[in-house]
Amino acid sequence: MELGYYSTQRNVGERWERLLHGWSARRLHFDALELGLPGGLLLLHLDSLPQEYRYPLFKALQSGGQLYAVLTDRPRDDEGIRMLALGARAYASTFITGSLLQQLIETVGRGDIWASPLVMQKLLKRLLNGQPAQLLSVQAERLGLAADLSEREQQVMDILISGVANKVIARELKITERTVKAHISAILRKTGAGDRVSLILMAKAQERQH
Numbered sequence: 001m002e003l004g005y006y007s008t009q010r011n012v013g014e015r016w017e018r019l020l021h022g023w024s025a026r027r028l029h030f031d032a033l034e035l036g037l038p039g040g041l042l043l044l045h046l047d048s049l050p051q052e053y054r055y056p057l058f059k060a061l062q063s064g065g066q067l068y069a070v071l072t073d074r075p076r077d078d079e080g081i082r083m084l085a086l087g088a089r090a091y092a093s094t095f096i097t098g099s100l101l102q103q104l105i106e107t108v109g110r111g112d113i114w115a116s117p118l119v120m121q122k123l124l125k126r127l128l129n130g131q132p133a134q135l136l137s138v139q140a141e142r143l144g145l146a147a148d149l150s151e152r153e154q155q156v157m158d159i160l161i162s163g164v165a166n167k168v169i170a171r172e173l174k175i176t177e178r179t180v181k182a183h184i185s186a187i188l189r190k191t192g193a194g195d196r197v198s199l200i201l202m203a204k205a206q207e208r209q210h
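Residue 39 in full-length UniProt numbering sits at position 39 of the sequence shown, with consecutive numbering throughout.
In case anyone wonders, no lab produced these hints; they're calculated from the structure.
There may be inaccurate statements among the hints.
[What the hints assert, rightly or not] Below 30 Å or equal to it, Euclidean Cα-Cα: the simulated DSSO-like pairs (lysine-lysine) are: (1) Lys181 x Lys167; (2) Lys125 x Lys190; (3) Lys125 x Lys59; (4) Lys190 x Lys167; (5) Lys122 x Lys190.
[To be verified] What follows is a set of in silico ranges between Cβ atoms, one per label pair, in the way DEER data are often shown: (6) Phe30 x Asp148: 44 to 52 Å; (7) Gly194 x Thr97: 17 to 25 Å; (8) Glu172 x His21: 43 to 51 Å.
What you are looking at is a predicted structure, and each value in this text was computed from that prediction instead of being measured.
C-beta: ideal position from N, C-alpha, C; glycine also.
All chains should be built: construct the whole structure from the sequences, respecting the hints.
If you want it as structure tokens, here you go:
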């Protein structure tokens, strides 16, 4: 996957260039940002973007189907949720480590969302806001039947889409967190959901269809 990055700060640009060595990444000019990078991923340094330009740029990229990640010097959970809601596929610190940056690129490349666990938990809770537990359980059951989930996988899924952490699922079902992770991997594979957020969105889609 082709990579492009933008930052006006020399130290940030040089650091990203070193971390992205081997990815054939190229630095983009401000005037070319709205054109995007068809089929590729943009890494955008939020602190380098003028405040008044951010929203129009993100909306333009989203409408064009452009994959982009937002990195900032001072990550904040609420800001991360706003960025993801505007279409960003990842939200992270400007000073992300090389290994985590690689994870971010690979995660977005396979169609998933990358953010800190806390941001993901808060995003899930907002997606679930106003959704009765029984209704979500019904949607989970419909998805589970379509994906031919086992009885235990269905139980895990019913709890998972309420947005709770693995340890809560483990406690509810009296199983280990390792077992929960194995069941979740199977659920995501069988339903075709890339991650928990995608699974929630699929459940919501089931609701709209019925």
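Quiz item: What are the numbers of the hints that this structure violates, sorted from low to high?
Solution: none
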